[in-house]
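Undergrad: Okay, here's what each chain looks like letter by letter:
There are 4 protein chains.
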Amino acid sequence: MLRDKLRAFADERDWNQFHTPKNLAMALMVETAELLEHFQWLTPDQSSDLTEKSKAAVKEELADVLLYLVRIADKLGVDLLDAALLKIEKNALKYPADIVRGSAKKYNEY
Amino acid sequence: MLRDKLRAFADERDWNQFHTPKNLAMALMVETAELLEHFQWLTPDQSSDLTEKSKAAVKEELADVLLYLVRIADKLGVDLLDAALLKIEKNALKYPADIVRGSAKKYNEY
Amino acid sequence: MLRDKLRAFADERDWNQFHTPKNLAMALMVETAELLEHFQWLTPDQSSDLTEKSKAAVKEELADVLLYLVRIADKLGVDLLDAALLKIEKNALKYPADIVRGSAKKYNEY
Amino acid sequence: MLRDKLRAFADERDWNQFHTPKNLAMALMVETAELLEHFQWLTPDQSSDLTEKSKAAVKEELADVLLYLVRIADKLGVDLLDAALLKIEKNALKYPADIVRGSAKKYNEY
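Chains as they are written, first to last, in my numbering: chain A, 274 to 383; chain B, 274 to 383; chain C, 274 to 383; chain D, 274 to 383.
The shape of chain A in the complex, shown without the other chains (with noise of 0.2 Å):
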């Protein structure tokens, strides 16, 4: 499980005296621009058709959002999926099919 895995490997590297949630959310924030670096320049429809060693360099940049997403909610005490789960149902509700169809504007502007 990837909560447990970056805890022993946190642990073993004695890095917890880093890993307070305000250290954690930085560096969550850090990956995910780097993600966001690989599309700034790309016209949409190039970003959804990127090259073999741009979508590999990707890949990675998932995995450090995703790895650092799992360790700060597990310093929080949050579970992700549950949250995820709970939030979905939210967004039924807060954006009903038919009201919004086909429209990105937010919900606040109905």
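Heads up, some of the hints might be wrong.
For chains that are exact copies, the list does not tell them apart, and a pair is met inside one copy or across any two.
Said to hold, decoys possible - List of simulated lysine to any residue pairs, SDA-like, C-alpha gap at most 20 Å:
{"id": "1", "residue 1": "K378", "residue 2": "A365"}
{"id": "2", "residue 1": "K278", "residue 2": "L354"}
{"id": "3", "residue 1": "K328", "residue 2": "A281"}
{"id": "4", "residue 1": "K326", "residue 2": "D337"}
{"id": "5", "residue 1": "K328", "residue 2": "V373"}
{"id": "6", "residue 1": "K326", "residue 2": "D371"}
{"id": "7", "residue 1": "K326", "residue 2": "Y368"}
{"id": "8", "residue 1": "K367", "residue 2": "N289"}
{"id": "9", "residue 1": "K360", "residue 2": "D347"}
{"id": "10", "residue 1": "K360", "residue 2": "Q319"}
{"id": "11", "residue 1": "K278", "residue 2": "A330"}
{"id": "12", "residue 1": "K378", "residue 2": "S327"}
{"id": "13", "residue 1": "K378", "residue 2": "P317"}
{"id": "14", "residue 1": "K348", "residue 2": "D337"}
{"id": "15", "residue 1": "K360", "residue 2": "P317"}
{"id": "16", "residue 1": "K360", "residue 2": "H311"}
{"id": "17", "residue 1": "K328", "residue 2": "F282"}
{"id": "18", "residue 1": "K363", "residue 2": "S376"}
{"id": "19", "residue 1": "K363", "residue 2": "L323"}
{"id": "20", "residue 1": "K326", "residue 2": "A283"}
{"id": "21", "residue 1": "K348", "residue 2": "P317"}
{"id": "22", "residue 1": "K348", "residue 2": "W288"}
{"id": "23", "residue 1": "K328", "residue 2": "D371"}
{"id": "24", "residue 1": "K367", "residue 2": "K378"}
{"id": "25", "residue 1": "K278", "residue 2": "D352"}
If you are wondering where the hints come from, they were derived from the structure by calculation, not from laboratory data.
Guided by the hints, dock chains B, C and D onto chain A, whose structure is given.
TA: Same frame as chain A, now just chains B, C and D:
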């Protein structure tokens, strides 16, 4: 499964037109920043000891990050769990425990 | 003037095709994250007392952020200095000194 | 001058205790993400042709980014304009116009 729920969610709302990897990377970034915002003025200690109200809000932001992460991985055809496990192995080689113990320096600074 | 230098820089390289406000906002974000990266594992005190090497690198990141900020403002036809002065006035009304003194709470929490 | 206005603003509110470079870098990031949010679902063309309402909001976000940028530079003792001019010179050497013309590749890909 989160991936399938998010596919159905987007299909029902005709949102695939907006869900290019480029746009999803931006949305992932925006959600990550909303998470970061909760920690910006806190001391490291305070970030480890959130109020109940703050923790509930943070839990939702973590969920938002995961949902966009799962969604962009799906659009790119990346298996997130596989990517994460490979990255942990790679990191273990990059940061040998006996060398990096107790240090936050980057690997290229050793 | 920075704005004009950046216009010439992009013109000479035929980069206007990439410099949509959307792409420039992404580039600005990536540079901001590179700045943030320097601080992610530091204590607040350490962040106020950078090594010379780190400070030189941070100075370059600050420059990158300013350059993209000036560039996106130009592309959007926004006078940055005017916008900043107006925002300071607005913030003075939003955060009256005698009410918010010594507190990092957001205005809507008072 | 922006720098001095922001110093006075923080002094009057006893906010220097929160304004470590680490925290200011986080705040800068949060504001940059609020700017990015305006563009996340827009096509590149739409991002060049904002509605008046959207443009007014974007102008405020640009101001917020500049204010935090000036503030963090002040706290770090960096002269922003000087840093920016030096960086433009450095970029001119890094990206020779006749080599990079019309390309968004990174310099290390040539």
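Undergrad: Hints numbered earlier in the text: which of these fail when held up against the supplied structure?
TA: 3, 5, 6, 7, 10, 11, 15, 17, 19, 20, 23
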